[in-house]
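Asks: Could you build the full structure based on these sequences and the hints that come with them?
The chain contents come next:
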Amino acid sequence: MLEKMLNTKFAQWLDERTHVVQYVRFHLLDYPTPKNLNYWYAFGSIALVVLIIQVLSGVFLAMDYKPAAVPTGNGFSMAFDSIERIMREVNDGWLIRYMHAVGASAFFFVIYLHMARGMYYGSYKKPREFLWIMGVMILVIMQATVFFGYLLPWGQMSYWGATVITNIFGAIPGIGDWLLQLVRGGYGVGDPTLNRFFALHFLFPFILIAFVFWHVMALHVVHSNNPEGIEPSKKGIIPFHPYYTVKDLFGIGVFLIVYSWFVFFDPTGHGLIIETNNFNPADPLKTPPDITPVWYLTPWYEILRSVPNKLLGIVGMAFAYVCLFLMPWLDRSPVRSARYRPVYRTMLLVFFASIGVLGYCGHHEVTPELLLIGRIASLVYFAFFALLPFVHKFEKNRPLPEDI
Amino acid sequence: MKTWTMVMILLGWLAGSGAAMAGEGMPPLKPVQLSMDQKTLQHGAQVFTEVCMGCHSLRYVTWKHLMDYPEIGMTREQVDEMRGDAPLTAPIKTGLSEADARESYGVVPPDLTLIARAREGGGAYIYSLLLGFEHDPEGKVPDGNYNLYFPGHRIAMADPLGWLDHDEDEEQELKEQARAVASFLAYVGEPHQLERKALGRKVLIFLVVLTLIFWLLKREVWRDVH
Ligand code: HEM
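Residue numbers (this note's numbering), protein chains in the order written: chain A, 4 to 407; chain L, 921 to 1146.
Careful: at least some of the hints might be erroneous.
To be verified - Only some residues are given here: those of chain L computed to face chain A with a beta carbon under 8 Å: (1) Y980; (2) T982; (3) A1038; (4) R1116; (5) L1119; (6) F1134; (7) W1135; (8) K1138; (9) V1145.
Said to hold, decoys possible - With a cut-off of at most 20 Å between alpha-carbon atoms, the simulated EDC-like pairs for lysine to aspartate or glutamate come out as follows: (10) K1117/L / D269/A; (11) K1117/L / E87/A; (12) K38/A / E1040/L; (13) K1013/L / E87/A; (14) K1122/L / D95/A; (15) K237/A / D1144/L; (16) K69/A / D194/A; (17) K1117/L / E92/A; (18) K38/A / E234/A; (19) K1122/L / D269/A; (20) K289/A / E1018/L; (21) K1013/L / E92/A; (22) K38/A / E1018/L; (23) K289/A / E1040/L; (24) K38/A / E19/A; (25) K984/L / E87/A; (26) K238/A / E1054/L.
Unchecked claim - What follows is a list of derived Cβ distance ranges for each label pair: (27) Y324/A / L1068/L: 41 to 51 Å; (28) V1145/L / I212/A: 57 to 67 Å; (29) F1126/L / G177/A: 50 to 60 Å; (30) P292/A / A1076/L: 11 to 21 Å.
For the record, the hints were derived by calculation from the structure and aren't laboratory data. Ideal Cβ placement from N, Cα and C applies to all residues, glycine included.
Replies: Structure representation (structure tokens):
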């Protein structure tokens, strides 16, 4: 059927003028892929699906949302009221809102696994450095996007989360005050902050899309790595369609089942997806006892928090991203896949665990013990990158296979 | 293997200390079975308008909603009796002004539309709170303001159901009132929750079938790849 469509007179006419058929063939149908890609390789396609879900649900939410902190009585605001109107009065508004809120968490879940896969199979290495860098940029843009988005309901956690995080900018010497006011649009977090965050929350996904586009373009130049981390021979290559179209469709199906389970049966994720305290309207006079970001930001937040000095904390957090960025050059081993790198494999698993521990600590109120654990985990995080340039010197690789 | 053992031990310890922290200083909530049937929800609406509305509003719930939400399904006559001369499409609002509330209680009583969603424990918390009025064991907090379940134990709301010093034969009735109003508040916190679950079951069945088809398709297509 697809073949027929691509051979119609109209398709041919269009192709002569804009090469669409050639693009479809090159990027979707004939695109050469190693035959041994496992289901970890479905997360890229799944991420694309989530991106589409977020953009569509977001546009519909924006039609009924009002970015105004104007008080409407008893501590409520126009913004908060508009969200509740979506939940209660707008047809299927609750569904759209839950799709968007659960989608945000799902997006990070998928992206973190996608990245972990890349790290495990050494996909960041030559010639895929640029692909990897685009990925890290995507992660940063995603985190900025959710940060802006989380302010919009103007609940307690929205307000206080934004206050705490923007405060961080204020700690930068020299430009801190200026930057703080620029971000907030005033001295405190208020109506101007909400307005600009809404504008930015609408804008950023389009920047994200541009980067995703470049990410995929880069992929289609250097092609997929594979779990063995070696260059496949001709025999190991199959066309993307129909093999990976159906394999990815199955992966997407499984993802949608899990996603829908949350949307319909646990949309707040027991306070992990939508925090319980965010059902209270923002109250600038009442500081919540524990102000913590949503789970997907907590590891980075914990790195920031575990440094005693605020400014150094910012440096530390920025450095956490810089390390990811530099990974292709920090790792000097010629072998890609962790399957054949016993030392790197162990280091990587400890690194993943450190991120889990950081996330756990960042999600809870600081106590002396948690602070200590958070600090140890931060050190483990950075130790991983610090050791990376030296591992190949003493690591004995397992013998690589001839072909995939 | 060793790494995993270490990681597991660390995570176990973390989970343990986390759980210990979460329960600090607060007794566990009273067990309660909330229900979303018409009888309970109507009873809850009644208790709300007769007792709680003296101080609290439901800013997102109109009188008309009590008829329109199928799970509550009150009749026009029932609603007319409750609303007095408030317009049918107006939100259920207390007569207590914010200024008067501040003068009498020191705080403005919170709007209760979302209270079940805004508190850990939801409906069970409301139920426990209403039945949590006791005499302060230290005798510092005046009677009617000491509550076992309120953070800090001193609450500005004075025992609305009259749980403190109730008679033996009132107990069952008061518990039922608390259960009904807790159910009602849990319902109005998210009026589409039953519809959500019903739709969810259909969507999941559809997706499972679809995914199964994809799986069969995948198996078929990949048969010749080795
Ligand atoms: C919106 C977010 C993203 C989308 C839509 C996306 C999409 C994709 C797609 C479709 C692929 C090919 C299929 C696959 O290998 O899974 C891919 C590959 C890849 N992506 Fe992403 N990606 C995203 C974010 C990221 C991030 C944050 C990183 C890392 C920081 C990253 C790193 C990689 C790498 C290294 C590959 C090649 C993997 C290999 O060939 O072994 N991506 N991406």
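Asks: For each hint given before, does the structure comply? Return the numbers of the non-compliant ones in rising order.
Replies: Hint check: 2, 12, 22, 24, 26 and 28 fail, others pass.
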